[in-house]
Amino acid sequence: MIALKTEKLKVGYGKKVVVDSVDISGFRGQVLCLLGPNGAGKSTILRTLSGLLDPIDGVVYVNQEKLPDKKKKDLAKELSVVLTTKFSAGMMKVYDVVSMGRYPYTSRLGKLTSHDHQLIQEALITVNADYLATRNFEELSDGEKQKVMVARALVQEPEVMILDEPTSHLDIRHQLELIDILKNLSKEKNITVILSLHEIDLALKSCEKVLLVRDNHIVGYGAPEDMVNEETISQLYGIKNAGYNNLLGSIEIENSGEPSVFVVAGNGTGIPIYRLLSKHNIGAMTGIIHENDVDYEVARTMGLTIKSEFAFEAIDDVNYLGAKKMIDRIHTVIDSGFPVRKMNEKNLDLIRYAISKGKKVISFRQKDEICKYFGDKQILECHESCDFLKHLDTEEMPTVKLGNIL
Amino acid sequence: MESIKKTLYLNKSKLGKIARYQCIYIVLIIALLAAVIVSVNSGTVDLSVSEIFKIIVLKAQEGSVESNVIWKIRLPRLIAAGVLGGALSVAGFLLQTFFRNPIAGPYVLGISSGAKMFVAFTMIVLMNYVNVLPPGVIMLAAFIGSLISMGFVILAARKVKDMAMLLVVGVMIGYICAAFTDLFVNFAQERDIANLTNWSMGSFSGIGWADIRLITIVVFISLAAVMMLSKPIGAYQLGEGYAKSMGINIRVFRILIVLFSSLLSATVTAFAGPIAFVGIAIPQVTKMLMNTSKPIIIIPTTFLTGAVFCVFCDLLARTMFAPIELSIGTVTAFFGAPFVIWLLLSRKK
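Chains as they are written, first to last, in the working numbering: chain Z, 1 to 406; chain X, 1 to 349.
FYI, nobody ran anything at the bench for these hints, they're computed from the structure. A hint or two may mislead.
Stated by the list, open to error - In silico DSS-like links for lysine-lysine, alpha-carbon gap of 30 angstroms or less:
(1) X:Lys159 to Z:Lys77
(2) X:Lys294 to X:Lys161
(3) X:Lys159 to X:Lys59
(4) Z:Lys72 to X:Lys161
(5) Z:Lys183 to Z:Lys77
(6) X:Lys159 to Z:Lys15
(7) Z:Lys86 to X:Lys159
Owing to the predicted nature of the structure, the values given are computational and were not obtained by experimental measurement.
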């Protein structure tokens, strides 16, 4: 069932149109998420959907009724909001702030009935904030305040709840907690939740629908699984110097430097090394990794030069030779400490080759393992990132032009 | 079990709250009674307590000097101090809520000065035609003046978001009004000036029973109306967006708050002249005392606290350097200004 619907909605302030042709439907029990960069117009859309701002053109329907024609009192019983605006609560207690949500239901002087009290307590329990009831609202952390504001919106017994960037300024624990609360609200109380988020991964994992807003335009609307891919996200936010990985839901800083090291990796052991190198602007190549390896995903998103093998294939000679050529051009080889099995045995040969060529080899393996695989050779052991950077000592590493390798 | 415990806990804290409120009310009422008794009893004409009792309750010695002193001077003055002090505090609370500014008040925002300016103007113009202005006319003039100032402050508040900046603007508006007042006075005749300066110093003296009747009617009707608005005022404390989302007609609400705060502070200015710091300090003190900012509790309590405070200040103004009388503003500033400074400094943290 559709609780909120817009038709050819044009939102903005005065005559200035901020976003044009917004056509969305908020279904009961679903979470709809607005994604997009700052200033794209997400808040303006949300304010218009909440009835706080009149549309410039087009209509918003809440339960089949046109918004501006709907009585404010009635709307308040069907739709509640969590805003970004801060207010100075003075001496207000958490319980008082939440009880304010009963406004549309209470008598002229706002006397709370036992039913109201019960709802307030339930709402506080729902958002895991019952222990805060008697605290001063002002003294709470941002995360706690946000939960309390959701409780306030909840006691308004809405069918639609609209939240403007509810997770901003929250630490990761509170972000996850809040999203979880909202998801449960939508499912258990059959509320339509419409919110804007900055966390793409959270949106992907918790929303039924996303609305992509960029530069005052709707650039996409649909299920996140269909809408969100690496290209749309990079475009949506105009990301430069970084890449978004759809599988992992992570953002990786682009590593565009001239490669000066070769990372022999696999099974996820390469990721922390890639990130460390990117952070210190050290260009890198990596191999030989299988295409179904997480290392591959991250290396690809960072834009590293990769020597890869098909998934589930043992490393073949062509790739092995290619990797050798790559190693010839650089000074340092890093052994990430990848697990060695049949499919990737050749990677060990690659490191032995580097040793034989007199390259500097840094290994993340334990001493006994190093002896077992490489004998008593000149290998720098490394167990912490600071050792690693010391070993790398970038000055003695001549960089190689990419063109020479390929 | 858990939930029962929680309910018990909440009920317990509720009981504690009610006990606290009762205590504060008892203390305030005792303080008010004490102030009233001492006030009636002090002055140049010395009277014993039993004599006063006889005069007030039994209406003894009607027509005597003592009876006149009590009935025509001390009692009206006392009632005026109480009612106007309360009105000023409620006006302060409304303005603080309206501007979301804990240090707002009718005086610092220049609203009292606006009222004073317009009263001066009206007096000077109308005194050419009549000898005595009826209290209703003075009050109307003060109300119009308050609204003019309020209009300017609201315009400024749209531009400046900073709490302190708004006060600076308010103080400046106050200065401008004072400049105009001086200008008008220059064109005034001498007898008017005597009238004006006496009034503009700020004092509860010279208020008669006719004035009292008007004051109480206006103040108590406004107070009742403001009490009826306490629900939306509470919602407004969460900010305009939330208030609107809960179904409040913000435009109407804002107009009502402006009207009642102006009316209350205009009533004070019309009869007692501008009185500083009561409007800022008393609502804050009340919030701290009651440890809440719920309007339904704060509005009546701040009225009572303001009444007690002003009766005490008036007592001091009359008696400290008797027979010389201080202006009421001097005494309220003496207590109020340091409190406001403290408030400003403690906010910075």
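Results for each hint:
Annotation: proposed proximity of lysine 159 (chain X) to lysine 77 (chain Z) is violated, straight-line Cα distance about 34 angstroms (limit 30 angstroms). Distance restraint check for lysine 294 (chain X) and lysine 161 (chain X): the Cα-Cα separation of roughly 24 angstroms lies within the 30 angstroms cut-off, and the hinted pair is therefore satisfied. Of the supplied pair hints, the one linking lysine 159 (chain X) and lysine 59 (chain X) is violated, its CA atoms being roughly 58 angstroms apart against a limit of 30 angstroms. Distance check on the hinted pair: lysine 72 (chain Z) and lysine 161 (chain X) sit about 28 angstroms apart at the alpha-carbon level, within 30 angstroms; holds.
Restraint check: the Cα-Cα separation between lysine 183 (chain Z) and lysine 77 (chain Z) comes to about 21 angstroms, which is no more than 30 angstroms; the hinted pair holds. Distance restraint check for lysine 159 (chain X) and lysine 15 (chain Z): the Cα-Cα separation of roughly 21 angstroms lies within the 30 angstroms cut-off, and the hinted pair is therefore satisfied. Distance hint between lysine 86 (chain Z) and lysine 159 (chain X) is fulfilled; the C-alpha atoms sit about 18 angstroms from each other, no more than 30 angstroms.
In this structure, the earlier hints numbered 1, 3 are contradicted, and the remaining ones agree with it.
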